[in-house]
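**Student:** Here are the chains, one letter per residue:
There are 2 protein chains.
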Amino acid sequence: MALEIERKFLVVGTPWESLPQGALMRQGYLLASPDKVVRVRIEGDSAMLTIKGKAVGLVRGEWEYAIPFTDAAELLALCEQPLIEKYRYRIAFDNMLWEVDVFIGDNAGLVVAEIELDSESQPFTKPEWVGKEVTHDVRYLNSNLLSHPFVRW
Amino acid sequence: MALEIERKFLVVGTPWESLPQGALMRQGYLLASPDKVVRVRIEGDSAMLTIKGKAVGLVRGEWEYAIPFTDAAELLALCEQPLIEKYRYRIAFDNMLWEVDVFIGDNAGLVVAEIELDSESQPFTKPEWVGKEVTHDVRYLNSNLLSHPFVRW
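Sequences listed follow chains A and B, in order. Just so you know, we're using our numbering here: the first sequence kicks off at 1 and counts up by one. Just so you know, we're using our numbering here: the second sequence kicks off at 1001 and counts up by one.
Derived by calculation from the structure, the hints in this document are not laboratory data. Here the structure is a predicted model, which is why all the values come from computation and not from measurement. Where hints are given, some of them may not hold.
[Said to hold, decoys possible] Here are the simulated DSS-like pairs of lysine-lysine, each with C-alpha atoms no more than 27 Å apart in a straight line: (1) A/LYS54 x A/LYS8; (2) B/LYS1008 x B/LYS1036; (3) A/LYS36 x B/LYS1036; (4) A/LYS132 x A/LYS54; (5) B/LYS1132 x B/LYS1054; (6) B/LYS1132 x B/LYS1008; (7) B/LYS1036 x A/LYS54; (8) B/LYS1054 x A/LYS36; (9) A/LYS8 x A/LYS126.
Whole structure, please, built from the sequences with the hints as guidance.
**Tutor:** In structure tokens form, the structure reads like this:
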């Protein structure tokens, strides 16, 4: 088990526009409950099966396995539709890696930036394009964007 | 994806008693719905994560991944309790492999024999200790034995 410690923010402006096109991620959920998630994700030609436990504060247990792309394509068909689709950009700033997700489809218009930390109290510097923190707003969980997509907020 | 084509029978007598102790299987379900199952299983020191789709007749899609034993032990703790526990015996008969599951815990007293086929119409010979077919009786699905264990039938 890895521990996922993540903070999530809204994005101000369009810091990704000067970058090469981000990787298209397509992901679905075999299970999306508040205390347990089973996610299938395709990014480019690679695919992952990920299980997440219940979050305690910022910390969440995560078990992740690379799986064959063709398996993932089949498993995505088992998931609740539509899938979550987004372009992911990775932007380095002050020795930290920010992941900027630009959603499309039913979540078009939503852009969030995430940073993975080694501990809940780890300090970091925010780039100027990082806005309001939404870590604890469950609407922004990808697993909740399925049932409550951004276009309907 | 593999296709799982399986028939399940009750067992008459105790054909496993003359065999060496079977492997202890401990399994739990991250998800156990009629059309989708995510199962974690430990057998000896090996562990599998298995996803099964909806059964159509005898046929069910199955995606199976070996995972580290320590991951499986952690994931079993995420599953609904108690776990399903059983001893599995593998008995060859007429060039086919029968799996005989002798349940313990809340399902003690239940013994079933399963055979995996290459097609729904594949003929096979039943050993004399193979009794009534229960393939289509959903009470015998391991994923249902959780909520309705054999001791309460």
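**Student:** Against each hint, give a clear statement of whether it holds in the structure.
**Tutor:** A quick look at each hint next to the structure:
| no. | hint | result |
| --- | --- | --- |
| 1 | A/LYS54 x A/LYS8 | holds, 17 Å |
| 2 | B/LYS1008 x B/LYS1036 | holds, 19 Å |
| 3 | A/LYS36 x B/LYS1036 | holds, 15 Å |
| 4 | A/LYS132 x A/LYS54 | holds, 24 Å |
| 5 | B/LYS1132 x B/LYS1054 | holds, 24 Å |
| 6 | B/LYS1132 x B/LYS1008 | holds, 9 Å |
| 7 | B/LYS1036 x A/LYS54 | holds, 21 Å |
| 8 | B/LYS1054 x A/LYS36 | holds, 21 Å |
| 9 | A/LYS8 x A/LYS126 | holds, 11 Å |
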